[in-house]
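Student: Order-wise, the sequence lines are chains A, B and C. The working numbering runs 3 ahead of the 1-based position in the first sequence. The working numbering runs 1325 ahead of the 1-based position in the second sequence. The working numbering runs 29 ahead of the 1-based position in the third sequence.
These are computed hints drawn from the structure, not numbers from a lab. Keep in mind it's a predicted model, so treat the numbers as computed, not measured. A virtual CB, placed ideally from N, CA and C, is assigned to each residue, including glycine. Treat the hints with care, since some could be wrong.
Claimed, not checked - Chain B side only, calculated, beta carbon under 8 Å to chain C, not exhaustive: (1) A1361; (2) S1403; (3) S1506; (4) D1536; (5) S1538; (6) A1541; (7) A1566; (8) R1569; (9) H1570; (10) F1593; (11) S1594; (12) P1609; (13) R1610; (14) L1611; (15) A1612.
Claimed, not checked - Beta-carbon label-pair distances, calculated as ranges: (16) B:S1634 with C:V371: 23 to 29 Å; (17) B:S1437 with A:D137: 58 to 64 Å; (18) B:D1595 with C:P327: 47 to 53 Å; (19) B:A1658 with A:W127: 55 to 61 Å.
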Amino acid sequence: MSAISFPEPVLAAEAEEHAQPRGARRWYRQPALATGLILLGIIVIAAAAAPLLTPYDPIKQNLGASLLGPSAQHWLGTDQTGRDTFARLLYGLRTDLRIAFIAVLLPFCIGTVLGSIAGYFGGWVDSVLMRLVDIVVAFPFYVLIIALVFVLGPGQRSIYIAITLVGWVSYARIIRGEILVAKRQDYVLAARAGGLSAIRIIGRHLLPNVITQAIVYAMSDIVQDILAIVTLGYFGLGVPPPTPDLGSMINDGQNFLTTHWQLTTFPGLAVVVVGLSLSLIGDGFADLIRPGQL
Amino acid sequence: MTAAAGQPGGPETGTALDGAAGVSGTAPLLSASGVAVSFAVGSALAARIRHQQRLLRAVDGVDLDLARGEALALVGESGSGKSTLALALAGLRPVDHGEIRFDGRVLPARRSRADQRRIQMVFQDPYSSLNPRLTVGGMLRELLRVHHVVPSGEVEAYSKELLTLVGLGPDALRAYPRQFSGGQRQRVAIARALALKPDILVADEPVSALDVSVQATILNLLRDLRGELGLTLLLISHNLAVVRHLCDRVAVMYLGRIVEVAPTARLFSDPRHPYTKGLLAAIPRLADSAFSQVAAADSGPAVAGDMPSALRIPAGCRFRTRCPIAQEICGTADPALTQETGDPAHQAACHFAFTAAPPAAAVAARVAAAPPGVVPGVPRQRQRKD
Amino acid sequence: MSEMSFTKSSGAAQPAAGPVLEVSDLHVQIAARHGTVRAVDGVSLEVAGGEALGLVGESGSGKSMTLRAILGVLPPEARITSGQIVLDGVDLVPLSNSDLNRIRGPKMSMIFQEPMSALNPVMRVGHQIAEGPRVHLGYGRSKAAERALDLMRRVGIPDPERRFRAYPHEFSGGMRQRVMIAIALSCDPEIILCDEPTTALDVTIQDQILRLLARLCAESGVSLIFVTHDLPVVAQLCQRVAVMYGGQLVETGDVRAVLLDPRHPYTLGLVRSAPDVEYVRDSLVPIPGSPPSLVTPPSGCRFHPRCEFAEEDCKVLPTPLRVLPGGRSTACLHYERCQDAVAADRVGP
Chain A
4 MSAISFPEPV LAAEAEEHAQ PRGARRWYRQ PALATGLILL GIIVIAAAAA PLLTPYDPIK
64 QNLGASLLGP SAQHWLGTDQ TGRDTFARLL YGLRTDLRIA FIAVLLPFCI GTVLGSIAGY
124 FGGWVDSVLM RLVDIVVAFP FYVLIIALVF VLGPGQRSIY IAITLVGWVS YARIIRGEIL
184 VAKRQDYVLA ARAGGLSAIR IIGRHLLPNV ITQAIVYAMS DIVQDILAIV TLGYFGLGVP
244 PPTPDLGSMI NDGQNFLTTH WQLTTFPGLA VVVVGLSLSL IGDGFADLIR PGQL
Chain B
1326 MTAAAGQPGG PETGTALDGA AGVSGTAPLL SASGVAVSFA VGSALAARIR HQQRLLRAVD
1386 GVDLDLARGE ALALVGESGS GKSTLALALA GLRPVDHGEI RFDGRVLPAR RSRADQRRIQ
1446 MVFQDPYSSL NPRLTVGGML RELLRVHHVV PSGEVEAYSK ELLTLVGLGP DALRAYPRQF
1506 SGGQRQRVAI ARALALKPDI LVADEPVSAL DVSVQATILN LLRDLRGELG LTLLLISHNL
1566 AVVRHLCDRV AVMYLGRIVE VAPTARLFSD PRHPYTKGLL AAIPRLADSA FSQVAAADSG
1626 PAVAGDMPSA LRIPAGCRFR TRCPIAQEIC GTADPALTQE TGDPAHQAAC HFAFTAAPPA
1686 AAVAARVAAA PPGVVPGVPR QRQRKD
Chain C
30 MSEMSFTKSS GAAQPAAGPV LEVSDLHVQI AARHGTVRAV DGVSLEVAGG EALGLVGESG
90 SGKSMTLRAI LGVLPPEARI TSGQIVLDGV DLVPLSNSDL NRIRGPKMSM IFQEPMSALN
150 PVMRVGHQIA EGPRVHLGYG RSKAAERALD LMRRVGIPDP ERRFRAYPHE FSGGMRQRVM
210 IAIALSCDPE IILCDEPTTA LDVTIQDQIL RLLARLCAES GVSLIFVTHD LPVVAQLCQR
270 VAVMYGGQLV ETGDVRAVLL DPRHPYTLGL VRSAPDVEYV RDSLVPIPGS PPSLVTPPSG
330 CRFHPRCEFA EEDCKVLPTP LRVLPGGRST ACLHYERCQD AVAADRVGP
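Chain A with its partners taken away, still in its complex shape:
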């Protein structure tokens, strides 16, 4: 064996110049990402720990204590049926965040699969899928979602279906574009030369190299989804009434805007903060990943 070659030292020093290991760009070095993660962390923990942070039930009405102002017992006061606003805010965040995270997963998966197929195989499959995408894209996002939920009837299930039907196209487009680029790389040819199946090449060789773009997009997509859910709630098309939800809280409080501004302002602020933190995470994550991409 020794006759064969002049081994260069394995893992040469030169390699350090070619690629920085991922760890070198620590997440906390990115101010946007750090801020976003801390904000979202606080919100998610608060929502998850809602029963510990507040003694009040978000659903049970207490008409004797309706429309109280902020006080030591009720930090943000109560609404017209005497429910604690702070408790409803926390539980509302719980509902909306849960729906948003689940709602982003389905279009992510479906869009990724369809986008990979379109990008890798091309031809008529690609043409059909992309025409479908064009049709969906032709409608404004919120209008289409509201129309779909209206047709399907209010409720969580409808929200999932509507967001999935509308949301997959973005992922499909992103993944398709990335795959079109990545499949020109020689490692794909090498995998084909190795007799690997198309499914294996897509799943094991292409997707790990392109999925990051879709993840970055998913971060901003969640913001869109949360806004959609809140909007639906506001229109009374979201989660049915007793369950707390930021959109319905804003709507309910609207009537008392002049006298009890906290009823609408704080749910609204919560939406803004959640959206901001997710956007910051999305941007920071994109910065973190992009320089490392070839």
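Using the hints, position chains B and C against chain A.
Tutor: Here is chains B and C on its own, set in the frame of chain A:
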């Protein structure tokens, strides 16, 4: 030096091949006949509207035999179709016309996994040919499992053996491609190609993306592996020096065709096609005689002009637009690969390849027409050998 | 420009005409995340009028960075920390970018490896060639166009009247490089800096371009610095050669002397490891190891960890260029061993 004779037998298939000249009497391991590959360029819609297909004939009717154990070089400039031919032979690019036989059997358009395994490739750019998200071990393990090359318990040991074979330590198994230098990456790529125990290794410009001092290590490695494993090697290169170092036989491609095939020493000492002659003359060299050769102001270029586009292949001989000895016949008749009498190993596709002098009659006619004292039409002899 | 100056074989001293370009003790540093990269570390060069100097080295040797420093187009994170670059009696290092702009073009110009990315894709080729004379020489529209046509003829672009109005994408690689050369020549510079101008070209086209450059050198007396990793190309075109390793010069001298009879083990390694069409060896001799880190370069001679002749003193002593008889110089402390090795090589095959 050559391992060509090392593997005399191989599984003898009963079919007697009618393919033209092999190197010796034995049936070729891989044989291409009339292979043509073309691409549609420009937008499909525009082509449909204009009712025309813009076909780029990258490979345009190639016959080529590869004997077991030999190292054959496919040489040409960019646009000659050499890489496309290599991909077609490796089953990675569909063939429009012609057939490719392996061990006497015609390979179908969609190759089975077992057939695919027989021909493996090493690519030019080691930075794009390794998946950045897979460790070397992961890369090898996947191939070995899919093809059941070794029992699953031995995958790890076999992978280490492969890495040692290409001159990398076993700790490279856990490394990602980004941790390697260019030369080391190319070693990984070679290990990956060898993992499937292929009969034929197709190397497409394996060193042209590497630094000079690293090129040597990879060329030596390929040469040693050939001797050790009895590999059949198809080397695609634009660098004739590399070819001369590594190969037994050379095929020169120009604009989608093979214009000359000969044993290496023969091709370098006695090229017959004017393109081959020009190509050889154009190589910069380090020999004593070559210094400031170029600075000698009187000498013209080795080959004038540019290669025409493969969309507009000249009628007749496709080299005639740049050929110093082109005659009328070259514009009308497309020369086929012909051999010198009695020597099937050396073939060239030129009307005047094996005639002693360029068409005497034609030159004589022009001399007669020219003013006295001038001898036009005599080709520039640009062969340093003499 | 005297036409004879480039025939002088000893380049080290040019008593008659002073050097056109004189680089002395040039240092270029790049601020990187993992430390300061000393990309060019004390390089001194001289180029005489009409002379073609080959600057040879592998990737990361600092050859391209040297060229960029001379032209004043370093990447933003790199800067010249010390040294002088004297072109025609003027030190370029302290000059502002706008001052440099008056020098780039009429005094020096550059030819790149990738002509396609160096040419403006949406501007007619003729106008790109005519731009320099209009800006720097104050030519009017028609006079500049005339000059462009003349240059196109000189660099061998067939049918210049028609090609004048073409765009770069309508040209082949070789023709684009001819356009680049025409642009480089358009203001009659003293020196043209060439960064691997033939590496991306096919061998027959490379041959054409090399011949063109050699002819232009001889005709117009323009000097060249030709950066490449390809030794045979240097042998064909250049009169003198400077070999770079790890940001420093390791050997300079007459091209024939340096490449045929090297006095530095790195040059010897480069010559031995390159396959040659004329000379087939049983096995190429690669240079073991990998290039040095430019952040923390090896002490003493930078080549010592890869050198077969290295001694203890190579690890500690500084290795400046030392002048040898015959106008050549080497950075090797034990250059006699190279001499012996070359002699042994000669006997071998």
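Student: Work down the list of hints and note, for each, if the structure agrees.
Tutor: Comparing the hints with the structure gives:
With a cut of 8 Å, the hint placing A1361 of chain B at the interface with chain C is violated, because the nearest CB-to-CB distance is about 23 Å. A hinted interface residue such as S1403 of chain B counts as satisfied when its beta carbon comes closer than 8 Å to some beta carbon of chain C; here the least separation is about 6 Å, so the hint holds. Among the interface hints, the one on S1506 of chain B holds; its C-beta lies about 6 Å from the nearest C-beta in chain C, closer than the 8 Å criterion. Checking D1536 of chain B against chain C by beta carbon gives a least distance of about 4 Å; that is within 8 Å, so the hint holds.
Interface restraint check: S1538 of chain B against chain C, minimum CB-CB distance 4 Å, threshold 8 Å, status holds. The restraint placing A1541 of chain B at the interface with chain C holds, with a minimum CB-CB distance near 4 Å, inside the 8 Å limit. The beta carbon of A1566 of chain B comes within 4 Å of a beta carbon in chain C, closer than 8 Å, and the hint placing it at the interface holds. With a least beta-carbon distance of about 6 Å to chain C, the hint placing R1569 of chain B at the interface is held under the 8 Å criterion.
For H1570 of chain B, the interface hint holds, since its Cβ comes within 8 Å of a Cβ in chain C; the closest pair sits about 4 Å apart. Hint status for F1593 of chain B: holds, given a least beta-carbon distance of 7 Å to chain C, under 8 Å. The restraint placing S1594 of chain B at the interface with chain C is violated, with a minimum CB-CB distance near 11 Å, outside the 8 Å limit. Interface restraint check: P1609 of chain B against chain C, minimum CB-CB distance 4 Å, threshold 8 Å, status holds.
The interface hint given for R1610 of chain B holds, since its Cβ lies 5 Å from the closest Cβ of chain C, which is under the 8 Å cut-off. A cut of 8 Å between beta carbons decides the hint on L1611 of chain B: the least distance to chain C is about 5 Å, and the hint holds. With its C-beta approaching chain C no nearer than about 4 Å, A1612 of chain B sits inside the 8 Å limit, and its interface hint holds. A beta carbon spacing of about 46 Å between S1634 of chain B and V371 of chain C contradicts the range 23 to 29 Å that was offered as a hint.
Checking the proposed 58 to 64 Å range against S1437 of chain B and D137 of chain A shows it is violated: the Cβ atoms sit about 39 Å from each other. Take D1595 of chain B and P327 of chain C: their Cβ atoms lie about 49 Å apart, and the range 47 to 53 Å holds. For the hinted restraint 55 to 61 Å between A1658 of chain B and W127 of chain A, the CB-CB distance of approximately 43 Å leaves it violated.
Hints 1, 11, 16, 17, 19 from the list above are not met by this structure, while the remaining hints are.
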